[in-house]
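Engineer: Each chain, letter by letter, is given below.
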Amino acid sequence: MNNMAISGHYIIVSGIKTYYETNNGPTDKHTLICTHTAGRDARQYHAMMEILASQYNLIALDMPAHGKSWPLKGNKAFSTRKEYSAFIWSFTQELGIKDPIFVGCSLGGNIVYHLAQEYPVRAIVSMQGVDYTPGASDVALAVMSHPHVSLQHSHLGYSDSLIGQKPDSGARDFILWGVSQEIAIAKKGALSIYNGFDIRADMHKITCPVLAIRGQDDWLVDEEAVQDTLSRLVNAKKVIYKPLAGIGHFPAVEKPQAVCNAIEEFLLGL
Amino acid sequence: MLDKLVLVQEKINGEEAEQFKTEGLGEYLTGDVALVIGAQPYTLSFHKGRIIEVIKGLPLTGVDFGVAGPVEGWQELFEHRNLYRAIAPKHGKLHLQGNMVKAMGNLNCLGYLAKVLCSVI
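These protein sequences, in sequence, are chains B and P.
Just so you know, we're using our numbering here: the first sequence kicks off at 1 and counts up by one.
Just so you know, we're using our numbering here: the second sequence kicks off at 1 and counts up by one.
I should point out that these hints are in silico values taken from the structure, not numbers from a laboratory.
Careful, some of the hints might be misleading.
What the hints assert, rightly or not - List time: in silico BS3-like cross-link candidates among lysine-lysine, alpha-carbon distance up to 27 Å:
no., chain 1, residue 1, chain 2, residue 2
1, B, K238, B, K98
2, B, K166, P, K90
3, P, K11, P, K90
4, B, K166, P, K115
5, P, K90, B, K82
Take these sequences, add in the hints, and give me the full structure.
Structural biologist: This is the structure we're talking about:
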């Protein structure tokens with residue numbers, strides 16, 4: 001029998017039944033709170049949770065309306081970054097996590113910068129994250145929940161184009177399966193936050209250590225945008241940038257071992 | 001360009017037919033799709049995933065949807081071989097036009113069509 005370290009749980013956060021998974025790692029060291037990309041769920045961190053199970057406690061949540069978490073009242077999803085970040089912080093507080101380290105990718109990678117601006121976090125790990133994402137696609141957003149547009153079909157090629165040239169075996173299938181399971185209301189809400197996301201003016205507020213990881217094959221979050229973001233981290237205690245070759249927009253899924261190596265190195269230096 | 005689009009027609013109806021209909025989800029595509037390269041439009045008429053006609057220009061009945069933009073934007077598409085990048089506001093110079101619901105509903109087909117087009121350029 002091949003038992004996995006991961007177990008799933010529910011907790012009520014701000015009145016929402018919230019699903020999360022943990023690798024049940026040691027709690028005497030750092031606890032990492034992981035947030036998924038727009039429209040997806042905590043399973044994006046399964047491989048990382050397994051790899052780091054003996055070293056660190058990882059917790060990954062499904063944001064409201066995503067995965068197995070309940071939606072907001074009236075079957076809605078968050079559509080502002082303040083609500084999104086506040087919920088993640090409340091989740092952390094409900095679990096009683098002290099000095100959390102936030103890990104996020106894409107929208108989650110943007111949000112960890114916002115969390116570090118607004119809350120007393122220990123450190124952040126931003127994958128494919130930036131402080132400014134102007135106009136993702138107004139058209140795509142406008143028709144995302146139209147009854148004649150099947151998000152689960154229309155976004156397959158798009159997501160595929162974001163995957164790097166050398167993903168681990170099975171990664172591409174899982175990423176595209178993730179598209180097939182997306183909920184239009186959740187994805188639209190998340191991309192409403194991503195589209196026009198701009199926290200550049202407050203980047204100086206970030207004082208905690210930052211690890212920025214970028215899959216270099218990602219055309220959406222390009223090198224220039226990441227470098228611009230890092231240049232605005234003028235007060236962060238430490239900023240480490242780790243570019244990863246052959247990886248695209250989903251590093252935690254595409255090459256989890258490479259991401260874990262970078263995170264371990266970063267954590268040892270805290 | 002018309003000769004290239006005829007090659008696209010041959011591929012979509014031939015060696016790429018199965019993949020276009022399954023992976024590309026082209027099985028459900030019926031309608032007129034315009035590719036507007038600079039000021040010059042071309043129209044590909046689809047019926048259930050087969051291209052039944054390719055013409056230079058637009059039909060008198062108009063088209064359902066399409067992709068348009070400057071020649072430079074198309075050159076970038078041919079270089080990167082990625083329609084999604086080519087139509088992304090910050091990254092590309094092309095844009096979707098026409099019936100946006102139908103265009104977005106068939107975005108996966110468009111992406112596959114662009115991949116085949118890039119392969120003959």
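Engineer: Each hint: holds or not?
Structural biologist: So, going through the hints one by one against the coordinates:
1. B:K238 - B:K98: holds, 20 Å
2. B:K166 - P:K90: Since the Cα atoms of K166 (chain B) and K90 (chain P) sit roughly 25 Å apart, the hinted pair holds (cutoff 27 Å).
3. P:K11 - P:K90: violated, 31 Å
4. B:K166 - P:K115: This hinted pair holds, its Cα atoms lying about 19 Å apart.
5. P:K90 - B:K82: With a Cα-Cα distance of about 24 Å, the restraint between K90 (chain P) and K82 (chain B) holds, given a limit of 27 Å.
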